[in-house]
Amino acid sequence: MFYGAVAHALPVSKYSVEVGVINSLVLARPSARGGSAVPLCLESIPPMFFGSSFRRLFEHLLTMEKKIAVGVYRQLTSSPQLELQDQPLAIVISCPSRDLKLCPTDQVYVITQGLPSEWMP
Numbered sequence: 001m002f003y004g005a006v007a008h009a010l011p012v013s014k015y016s017v018e019v020g021v022i023n024s025l026v027l028a029r030p031s032a033r034g035g036s037a038v039p040l041c042l043e044s045i046p047p048m049f050f051g052s053s054f055r056r057l058f059e060h061l062l063t064m065e066k067k068i069a070v071g072v073y074r075q076l077t078s079s080p081q082l083e084l085q086d087q088p089l090a091i092v093i094s095c096p097s098r099d100l101k102l103c104p105t106d107q108v109y110v111i112t113q114g115l116p117s118e119w120m121p
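When we follow the UniProt record's numbering, the leftmost residue of the sequence shown carries the number 1, and every step to the right adds one.
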């Protein structure tokens, strides 16, 4: 089901999905079959990581804050390639490349709690 939603989203990058797809997952309720909602949060990126690679942010969040970064929320502004008018386009880059450069306006989706202890360093 999720694959279908992701596969038909606007492909600004091969890792991007429209922000509404992620919002629907974040706001989802636990399933009737006993599943639970994923503790997914959107957080600001610390200023020390502006211009850095996603890898540096991922390593910091995992080792220092015990969070797993799973995506980057980015607003694209007007450019000749995108032909955006008055409204910026918001996308989520799921599974970002380790070399993705972070912008000051970016935010990061993180899994914050309920992680199995074997996932932690």
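The hints are simulated quantities; they were obtained by calculation from the structure and are not laboratory data. Cβ atoms here follow ideal geometry from the backbone N, Cα and C, with glycine treated the same way. Be a bit skeptical, because a hint or two may be false.
DEER-style ranges, computed between Cβ atoms [said to hold, decoys possible]:
1. Gln113 <-> Thr77: 20 to 26 Å
2. Thr105 <-> Arg55: 27 to 33 Å
3. Pro46 <-> Gln75: 15 to 21 Å
4. Pro39 <-> Lys101: 17 to 23 Å
5. Glu65 <-> Gly20: 16 to 22 Å
6. Leu76 <-> Arg55: 19 to 25 Å
7. Thr63 <-> Gly20: 30 to 36 Å
8. Lys66 <-> Leu89: 14 to 20 Å
Here is how each hint holds up against the structure:
1. Gln113 <-> Thr77: 20 to 26 Å: Given range 20 to 26 Å: violated, Cβ gap about 34 Å.
2. Thr105 <-> Arg55: 27 to 33 Å: Given range 27 to 33 Å: violated, Cβ gap about 20 Å.
3. Pro46 <-> Gln75: 15 to 21 Å: Given a distance of about 18 Å, which is inside 15 to 21 Å, the answer is holds.
4. Pro39 <-> Lys101: 17 to 23 Å: 27 Å Cβ-Cβ, so the 17 to 23 Å window is violated.
5. Glu65 <-> Gly20: 16 to 22 Å: violated (27 Å)
6. Leu76 <-> Arg55: 19 to 25 Å: Roughly 22 Å apart at Cβ, these two residues keep to the hinted range, so it holds.
7. Thr63 <-> Gly20: 30 to 36 Å: Since Thr63 and Gly20 have Cβ atoms about 32 Å apart, the given range 30 to 36 Å holds.
8. Lys66 <-> Leu89: 14 to 20 Å: Taking Cβ atoms as reference, Lys66 and Leu89 lie about 32 Å apart, which means the hint is violated.
Taken one by one, the earlier hints fail for this structure at numbers 1, 2, 4, 5, 8, listed in ascending order.
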